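Chains as they are written, first to last, in my numbering: chain X, 1 to 282; chain H, 283 to 564; chain F, 565 to 846; chain B, 847 to 1128; chain A, 1129 to 1410; chain V, 1411 to 1692.
Calculated directly from the structure, the hints in this document are not laboratory data.
Since we're looking at a predicted model, the values are computed, not measured.
Heads up, the beta-carbon is just placed ideally off N, CA and C, and yes, glycines get one too.
Heads up, some of the hints might be wrong.
[As the list claims (entries may be wrong)] Restricting the straight-line Cα-Cα distance to at most 30 angstroms, the calculated cross-link-like pairs of lysine-lysine (BS3-like) are:
{"no.": "1", "chain 1": "B", "residue 1": "K899", "chain 2": "F", "residue 2": "K579"}
{"no.": "2", "chain 1": "V", "residue 1": "K1683", "chain 2": "A", "residue 2": "K1262"}
{"no.": "3", "chain 1": "V", "residue 1": "K1597", "chain 2": "X", "residue 2": "K15"}
{"no.": "4", "chain 1": "B", "residue 1": "K861", "chain 2": "F", "residue 2": "K730"}
{"no.": "5", "chain 1": "B", "residue 1": "K1079", "chain 2": "B", "residue 2": "K1128"}
{"no.": "6", "chain 1": "A", "residue 1": "K1294", "chain 2": "B", "residue 2": "K1057"}
{"no.": "7", "chain 1": "X", "residue 1": "K81", "chain 2": "B", "residue 2": "K1033"}
{"no.": "8", "chain 1": "A", "residue 1": "K1294", "chain 2": "V", "residue 2": "K1683"}
{"no.": "9", "chain 1": "B", "residue 1": "K1012", "chain 2": "V", "residue 2": "K1425"}
{"no.": "10", "chain 1": "X", "residue 1": "K208", "chain 2": "F", "residue 2": "K775"}
{"no.": "11", "chain 1": "F", "residue 1": "K642", "chain 2": "B", "residue 2": "K932"}
{"no.": "12", "chain 1": "F", "residue 1": "K751", "chain 2": "B", "residue 2": "K932"}
{"no.": "13", "chain 1": "X", "residue 1": "K15", "chain 2": "V", "residue 2": "K1538"}
{"no.": "14", "chain 1": "X", "residue 1": "K211", "chain 2": "H", "residue 2": "K297"}
{"no.": "15", "chain 1": "A", "residue 1": "K1315", "chain 2": "F", "residue 2": "K579"}
{"no.": "16", "chain 1": "B", "residue 1": "K1033", "chain 2": "A", "residue 2": "K1339"}
{"no.": "17", "chain 1": "B", "residue 1": "K899", "chain 2": "V", "residue 2": "K1496"}
{"no.": "18", "chain 1": "B", "residue 1": "K877", "chain 2": "X", "residue 2": "K187"}
{"no.": "19", "chain 1": "F", "residue 1": "K645", "chain 2": "B", "residue 2": "K980"}
{"no.": "20", "chain 1": "V", "residue 1": "K1496", "chain 2": "V", "residue 2": "K1544"}
{"no.": "21", "chain 1": "A", "residue 1": "K1181", "chain 2": "F", "residue 2": "K595"}
{"no.": "22", "chain 1": "H", "residue 1": "K469", "chain 2": "X", "residue 2": "K273"}
{"no.": "23", "chain 1": "F", "residue 1": "K698", "chain 2": "F", "residue 2": "K775"}
{"no.": "24", "chain 1": "B", "residue 1": "K1054", "chain 2": "A", "residue 2": "K1256"}
{"no.": "25", "chain 1": "H", "residue 1": "K469", "chain 2": "V", "residue 2": "K1463"}
{"no.": "26", "chain 1": "B", "residue 1": "K974", "chain 2": "B", "residue 2": "K861"}
{"no.": "27", "chain 1": "V", "residue 1": "K1683", "chain 2": "A", "residue 2": "K1143"}
{"no.": "28", "chain 1": "V", "residue 1": "K1491", "chain 2": "A", "residue 2": "K1262"}
{"no.": "29", "chain 1": "H", "residue 1": "K469", "chain 2": "V", "residue 2": "K1544"}
{"no.": "30", "chain 1": "B", "residue 1": "K1033", "chain 2": "A", "residue 2": "K1315"}
{"no.": "31", "chain 1": "H", "residue 1": "K335", "chain 2": "A", "residue 2": "K1143"}
{"no.": "32", "chain 1": "A", "residue 1": "K1262", "chain 2": "V", "residue 2": "K1597"}
{"no.": "33", "chain 1": "B", "residue 1": "K1103", "chain 2": "F", "residue 2": "K692"}
{"no.": "34", "chain 1": "X", "residue 1": "K15", "chain 2": "A", "residue 2": "K1181"}
{"no.": "35", "chain 1": "X", "residue 1": "K211", "chain 2": "X", "residue 2": "K78"}
{"no.": "36", "chain 1": "X", "residue 1": "K53", "chain 2": "V", "residue 2": "K1463"}
{"no.": "37", "chain 1": "X", "residue 1": "K257", "chain 2": "H", "residue 2": "K493"}
[Said to hold, decoys possible] Here chain F is said to cover these stretches of chain X; the calculated rule only asks that three of the stretch's residues, wherever they fall, bring their Cβ under 8 angstroms from a Cβ of chain F:
{"no.": "38", "region": "44 to 58"}
{"no.": "39", "region": "146 to 156"}
{"no.": "40", "region": "190 to 201"}
Spelled out, the chains give:
6 protein chains.
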Amino acid sequence: MKIMLTDSQLVEWLKEDIHSWDISTTDQRYKRTVSADIFSREAGTICGIEVVKQVFQLVGIHPNDIQSFVIDGTDVQKSDKIMEIKGEARHILTGERLALNLLGHMSGVATKTRNLVDRAHLLNPHVKIAGTRKTLPGLRTLQKYAIKMGGGDTHRMSLSDMVMLKENHLAEFESEQLAIDTAFSTKSFTHKIEVEVTNPNQAQRVAKTGKVDIIMLDNFSLEQITPTVELIKEINDRILIEVSGGINESNFESYVKTGVDIISMGALTHTTKPLDISLLIK
Amino acid sequence: MKIMLTDSQLVEWLKEDIHSWDISTTDQRYKRTVSADIFSREAGTICGIEVVKQVFQLVGIHPNDIQSFVIDGTDVQKSDKIMEIKGEARHILTGERLALNLLGHMSGVATKTRNLVDRAHLLNPHVKIAGTRKTLPGLRTLQKYAIKMGGGDTHRMSLSDMVMLKENHLAEFESEQLAIDTAFSTKSFTHKIEVEVTNPNQAQRVAKTGKVDIIMLDNFSLEQITPTVELIKEINDRILIEVSGGINESNFESYVKTGVDIISMGALTHTTKPLDISLLIK
Amino acid sequence: MKIMLTDSQLVEWLKEDIHSWDISTTDQRYKRTVSADIFSREAGTICGIEVVKQVFQLVGIHPNDIQSFVIDGTDVQKSDKIMEIKGEARHILTGERLALNLLGHMSGVATKTRNLVDRAHLLNPHVKIAGTRKTLPGLRTLQKYAIKMGGGDTHRMSLSDMVMLKENHLAEFESEQLAIDTAFSTKSFTHKIEVEVTNPNQAQRVAKTGKVDIIMLDNFSLEQITPTVELIKEINDRILIEVSGGINESNFESYVKTGVDIISMGALTHTTKPLDISLLIK
Amino acid sequence: MKIMLTDSQLVEWLKEDIHSWDISTTDQRYKRTVSADIFSREAGTICGIEVVKQVFQLVGIHPNDIQSFVIDGTDVQKSDKIMEIKGEARHILTGERLALNLLGHMSGVATKTRNLVDRAHLLNPHVKIAGTRKTLPGLRTLQKYAIKMGGGDTHRMSLSDMVMLKENHLAEFESEQLAIDTAFSTKSFTHKIEVEVTNPNQAQRVAKTGKVDIIMLDNFSLEQITPTVELIKEINDRILIEVSGGINESNFESYVKTGVDIISMGALTHTTKPLDISLLIK
Amino acid sequence: MKIMLTDSQLVEWLKEDIHSWDISTTDQRYKRTVSADIFSREAGTICGIEVVKQVFQLVGIHPNDIQSFVIDGTDVQKSDKIMEIKGEARHILTGERLALNLLGHMSGVATKTRNLVDRAHLLNPHVKIAGTRKTLPGLRTLQKYAIKMGGGDTHRMSLSDMVMLKENHLAEFESEQLAIDTAFSTKSFTHKIEVEVTNPNQAQRVAKTGKVDIIMLDNFSLEQITPTVELIKEINDRILIEVSGGINESNFESYVKTGVDIISMGALTHTTKPLDISLLIK
Amino acid sequence: MKIMLTDSQLVEWLKEDIHSWDISTTDQRYKRTVSADIFSREAGTICGIEVVKQVFQLVGIHPNDIQSFVIDGTDVQKSDKIMEIKGEARHILTGERLALNLLGHMSGVATKTRNLVDRAHLLNPHVKIAGTRKTLPGLRTLQKYAIKMGGGDTHRMSLSDMVMLKENHLAEFESEQLAIDTAFSTKSFTHKIEVEVTNPNQAQRVAKTGKVDIIMLDNFSLEQITPTVELIKEINDRILIEVSGGINESNFESYVKTGVDIISMGALTHTTKPLDISLLIK
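Full structure from sequences and hints, please.
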């Protein structure tokens, strides 16, 4: 699994941090060759190794001088060494901030996802923990990749991936049936259809159309969920059921126990503490 | 104060979300003209209005059909209406996610900043709450702008803004004096110099060079800070003093009381819950 | 349905044609305001109207001076007027070539698709005519959009859309079962799986896994197809069946009659005569 | 002869095909090192070797692992091996489609051009077969390069290359003389002038101005051409004569026999069957 | 004559000057609507009006609030008002520097060119004053356009415009004849050929090939030029003759008198004092 | 000190010069491996070595085949060899023009700066010679870097670097005091404030605010400067004093003698003769 993060994207991000040039390291002394360790100050799931390698190459470090000790998706402990970089001090200092911002953020997403997935699988090994489209602009691929490295499901990457009919969509039609028929006949055969419902009756109507692959229970109360799941599966047991809305790290387990197939949480990508990772020149 | 957020940057972000086209709104019915309200589901400081206007124009909404009821930096209450958009349903639905992701994130940063600034100013009206370079790649200008809208200080925008000598820099020289002399003689007259120190003795040595504008106390214990501040001010009362490291929302007030000039926190931009903002088609 | 064709993409294409400036229209006389008709020299399905409008605006024509008489997907007859443009002669002459190249090509794809769809639906109104990923670099969205405007199915827009296991993929596994199990457990719940098979036995094995949404019969002889369709549908009648390979405009109807669900043809986008469209200054 | 096809252009094309990442090859098994042959399934003229090398490097193949057995412009037979690639299966599978789309298309243009050039030169070894500006947006340089590799003449690369006055240009002036005088006095000395004429009298008037390098006979009937050629050459034998319009692969030879210097055909680039080229993992 | 200067190019240049935002105009007072005059502090030829309009629109000024009193190519006197802009002070102040840098530079090139052209035409009304490829990176089109507005000849816009064989080219062949024959047979019929010669004998040999459109006398002494011109014209009076090398504003007239057709000077674009133009808020 | 000049920026500049391809070097003979010397035809300060290396790599020269004999900032004599390049003739010829344009221009700026700095330091070793924002669009970083290599001060890199209040800014406020108070309270603590004054009284008022780091004397007569310097230093001797306006290479020394800290000159970057540098294939 390989993401195409272009040099020109990374250079743009480097220039965001460097602007003209690093005015703190213009002296010749900063050309001294040094070694630097990148290590984690807390336990977590590492993500972003390849990206960081690319960053350091772009600021002038030779590929052979960039070593990594883990791959994306590896769990590390506090103080574990993740990478070692050798090169001119000025190069390392110039790339440091972007490298750590990326590595910290991506590892933060992966760590949070893995924690939730692990907790969920104790209760139900088949449930999927999924992200949403509530990502940070420009970072979707990196964030979705980090979700995947943490064991989560990426959900839709974009509006082109799967048809999804929400409240605002259904409102344009006289009935759910019509909305779904229309979507079914205009979409490509390669795409699935998911429909968001707000109450059990609607869930039932939608399931009965026979044209829906996934039903999302939006902001259902916990008590409503299990009966609705049973209702839908009775009609068509191939329909997957997703819940979303109002789920947080504390009430999370209750949702896992309802028997839904997928739990999606925007907070995987929009409210994430970065993993605390440092670079130290030796 | 005006940020140049280019159409092409926004279009790139739109395409990240749209990819080919929105396969859920291809039917003619989605061409119906509708009105949509954007409103906040919680109290906070709004930021990102101009950006959101630009987003909706790019998906095809006429500028005259985009109304805003607040400006960036305004505090709103739960349920307050922020904007109203009129246009084809498909256009609104296509721009919705990026618009809300930006507005929510920027308002989240502004809200967090304002809360901290307000709490700080009760104790010391002169202290500045500042961000750091721990921003999300590609979002620095937006995040720094949100800090400013929340009443915070942007700190360095890039490595070109101010000379900053940290532990890793000083390590390349025999003495702080030499490191600072070198920086002073190579930098432009337009730039200030900040030096990071890790103990009171070092703070004293650095202050005595007479060439430093700001001293940052890095990971000092709370007890060490006030005496160090006094030490420095005695040597040169024009030197500004910044603290950073280990500061969070709960221990925050203790740092304010130490008498430092600036408290900087990476978490303003790297760990921010977005403000909960929704769009509803009427 | 709206494609985001960015101004900067179109400007790049304009500059490809203009380079420095149009050296044939530098004289003041070319500033005269003129009217130009765009009309079709043959019958066909028009596609690209919005793109052409954007092109002429970018070379300096006012939006109000660009009129269109049809929308994308409309069938026209020989000599039908499609658009009328008013503006400085030099502007019209500078945009003409790109506008016609786009309109001709997209209409060519739409026309070819519609012809095939119409012929197919006489025999089987449920069969889908689909494109492939054999598109021209940089033009995929426009070409897929043209297929859709001609009544075809877009098939995969990219490698992120649907899992597709071909001969080269299956070869990496000991069995189809293992390849499919692996794909099923790593893909997102939002994605379908399609598997390409080269003989009826393999089709049967793949169908029996119960995890496949579409089976593609690759380069099957005409005689093999119908029995294989029946074999698969007997195992699982929800599996869609696609044929590809060796299909051309003359043998096309025989494939429609086999009872497959989808016929895909690379030639929809890679070998297309443009519709003959001209611009004449009045 | 070297075209500057930028990495960033190719990456854009790769991303068009890959979008987020290739969801079919995420499993570890696809990291196995394999060898793949690229070979032609029909006879033709190969074009695009260097571009394909660049594509495979961009997806992660080492330059030393990409071998080519022919250079651009080489004629191959059915089943001839063109290239051999060694690398991780997932890398080869990710680059395959773009590589083949480019190689097939460019070789298609080169093959068509060479066929026509060869047929023409049997009758008149001095006639040039030229392309036009009817190219596909974004692909002009590649298509013109393919024409050149097939032995054709590129004609104008852009509107900056040569002055060309067509019907729509002449219409802005009282006389051809005035139009030509104006163009002659405003153009750079580095540029030639070509004028399109629609009848023999106009050809004569244009030739007599003494300021025209090339005359294009637009949509002349076959019978008109030879006498007009003689007429022009009598006035000025240094004027080159081009024909265009209504020429196709079947009536083509008749045009060659008329004695014109240049035959230009838009179909070289706008209606081209790609050469059938495959990649097979061994 | 219209140059396609893209918004995104100008925005890039604006961002070069603005970086994050203009920190000097963040106060609300800078939102006051003001009027500003752009006027010349010295006599000269104005060039860049359309570009400046585009710049001010991009920083937020309404097109109707940007007035110009001259067009590109107009000669102005000291103190002449060139443009008037109305808008928020902060917008005008933000765009001012780029606008003046462009207007000053382009007018500087146009002014220098016109002075030389005027002086030359007093002595020989047919001689052309041409630029070279010694332009500033990224500014070629603007600089060549300014040359044209000043009455000069643009010469080659790029390496694709005309074949030009210099000393370094001829050195790769056994004889000039072979070099020229090769170039003649590989170039498109749309291109001219120019050959640089370093002595009269070589000029003669080159002229005799009959395949050369322009001969450049490179670093010839003044005395050598007239006889060489006569020599060439005798062989073929359609060959244009260019001189280059060692020509400056003081010895310039002597070269005009030699009877050459074209005098080219890199200094038109590489050593140009900008016209002194100011913006004053009223 | 390292500037991030992106490959994609350089490729854009290469394409500006190459457009489609170099039509003069398409023959196979230009593939011969040759050596070329880059040498200076006059004495000066070299700047741009790293950039030139990057250019030649981008046209296909191997890094090991590019040798440099000096580093940026080195003074060379007439005929000194600066670099030696080995590679295919066509590659060297294709990169030559851009390489020399950059090297000549940057060295021209560095040479001019060094001359002025050297002359100034004979009279006052502490005075700084600074650039301005009057740079050429797209070339600011390169030009400022060249100033630094010549021993000058870069001054503001952009509008984000330092607050600078000029006449047009002060005009928006009732008093200088208010303008300065406003700027002081809205700017980041990382930024300095400079104020431009037009007469000694204003200088005095500004100095007394106690919030200003630098005062610029704008277009002061020579006689006014020294008394104003004394006046300011008496009020606050930490304030730096800059002069600008009307300073040229001939009256320059008089300004140095006035005792100001900084002399800034737009002409460092906007009116610069390139250093005369040539490339010769051996």
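Evaluated hints:
1. Our distance criterion of 30 angstroms between C-alpha atoms is met by B/K899 and F/K579, whose separation comes to about 27 angstroms.
2. Of the pairs offered as hints, the one joining V/K1683 and A/K1262 holds, with about 12 angstroms between alpha carbons and a cut-off of 30 angstroms not exceeded.
3. Only pairs whose Cα atoms come within 30 angstroms are accepted, and V/K1597 paired with X/K15 is accepted, the gap being roughly 23 angstroms.
4. Our distance criterion of 30 angstroms between C-alpha atoms is met by B/K861 and F/K730, whose separation comes to about 21 angstroms.
5. Straight-line distance between C-alpha atoms of B/K1079 and B/K1128 comes to about 60 angstroms, which puts the hinted pair past the 30 angstroms bound.
6. About 27 angstroms separates the Cα atoms of A/K1294 and B/K1057, which keeps this hinted pair within 30 angstroms; it holds.
7. Between the alpha carbons of X/K81 and B/K1033 the distance comes to roughly 66 angstroms, so the proposed pair goes past 30 angstroms and is violated.
8. Restraint check for A/K1294 and V/K1683: the C-alpha separation of about 24 angstroms stays at or below 30 angstroms, so the hint holds.
9. For the suggested pair B/K1012 and V/K1425, the alpha carbons sit about 29 angstroms apart, so the restraint of at most 30 angstroms is met.
10. As the CA atoms of X/K208 and F/K775 are separated by approximately 22 angstroms, the hinted pair is consistent with the 30 angstroms bound.
11. Straight-line distance between C-alpha atoms of F/K642 and B/K932 comes to about 52 angstroms, which puts the hinted pair past the 30 angstroms bound.
12. For the suggested pair F/K751 and B/K932, the alpha carbons sit about 27 angstroms apart, so the restraint of at most 30 angstroms is met.
13. Simply put, X/K15 and V/K1538 have alpha-carbon atoms about 28 angstroms apart, close enough for the 30 angstroms limit, and the pair holds.
14. Taking the CA atoms of X/K211 and H/K297, the gap is about 28 angstroms. The hint holds against a cut of 30 angstroms.
15. The straight-line distance between the Cα atoms of A/K1315 and F/K579 is roughly 23 angstroms, inside the 30 angstroms bound, and the hint therefore holds.
16. With a CA separation close to 21 angstroms, the supplied pair B/K1033 and A/K1339 stays within the 30 angstroms bound.
17. Distance restraint check for B/K899 and V/K1496: the Cα-Cα separation of roughly 23 angstroms lies within the 30 angstroms cut-off, and the hinted pair is therefore satisfied.
18. For the suggested pair B/K877 and X/K187, the alpha carbons sit about 34 angstroms apart, so the restraint of at most 30 angstroms is broken.
19. A distance of roughly 21 angstroms separates the Cα atoms of F/K645 and B/K980; the hinted pair therefore holds under the 30 angstroms criterion.
20. Distance hint between V/K1496 and V/K1544 is unfulfilled; the C-alpha atoms sit about 37 angstroms from each other, more than 30 angstroms.
21. Restraint check for A/K1181 and F/K595: satisfied, since their Cα atoms lie roughly 19 angstroms apart, inside the 30 angstroms limit.
22. Annotation: proposed proximity of H/K469 to X/K273 is violated, straight-line Cα distance about 35 angstroms (limit 30 angstroms).
23. Distance restraint check for F/K698 and F/K775: the Cα-Cα separation of roughly 27 angstroms lies within the 30 angstroms cut-off, and the hinted pair is therefore satisfied.
24. Between B/K1054 and A/K1256 the alpha-carbon distance is near 25 angstroms, which keeps this suggested pair within the 30 angstroms criterion.
25. For a cut-off of 30 angstroms, the pair hint linking H/K469 to V/K1463 stands: about 27 angstroms separates their Cα positions.
26. About 38 angstroms separates the Cα atoms of B/K974 and B/K861, which puts this hinted pair outside 30 angstroms; it is violated.
27. Between V/K1683 and A/K1143, the direct Cα distance comes to roughly 27 angstroms. Compliance with the 30 angstroms bound is thereby established for this hinted pair.
28. Proposed proximity of V/K1491 and A/K1262 is supported: the alpha carbons are some 21 angstroms apart, at most 30 angstroms.
29. Taken as a hint, the H/K469 and V/K1544 pair is honoured in the structure, with Cα atoms around 20 angstroms apart against an allowance of 30 angstroms.
30. For the proposed pair B/K1033 and A/K1315, the alpha carbon gap of about 20 angstroms is at most 30 angstroms, so the pair holds.
31. Our distance criterion of 30 angstroms between C-alpha atoms is met by H/K335 and A/K1143, whose separation comes to about 21 angstroms.
32. Of the pairs offered as hints, the one joining A/K1262 and V/K1597 is violated, with about 42 angstroms between alpha carbons and a cut-off of 30 angstroms exceeded.
33. About 47 angstroms separates the Cα atoms of B/K1103 and F/K692, which puts this hinted pair outside 30 angstroms; it is violated.
34. A hinted pair counts as satisfied when its Cα atoms are at most 30 angstroms apart, and X/K15 with A/K1181 qualifies at roughly 28 angstroms.
35. Our distance criterion of 30 angstroms between C-alpha atoms is broken by X/K211 and X/K78, whose separation comes to about 49 angstroms.
36. With a C-alpha separation of about 23 angstroms, the suggested pairing of X/K53 with V/K1463 holds against the 30 angstroms cut-off.
37. Of the supplied pair hints, the one linking X/K257 and H/K493 is violated, its CA atoms being roughly 63 angstroms apart against a limit of 30 angstroms.
38. Counting residues of the region 44 to 58 of chain X whose C-beta sits closer than 8 angstroms to any C-beta of chain F gives 0, which falls short of three, so the coverage hint is violated.
39. Here the region 146 to 156 of chain X counts 4 residues with a CB under 8 angstroms from a CB of chain F, which clears the bar of 3, and the coverage holds.
40. Beta-carbon proximity to chain F at under 8 angstroms applies to 4 residues in the region 190 to 201 of chain X; the threshold of 3 is reached and the given coverage holds.
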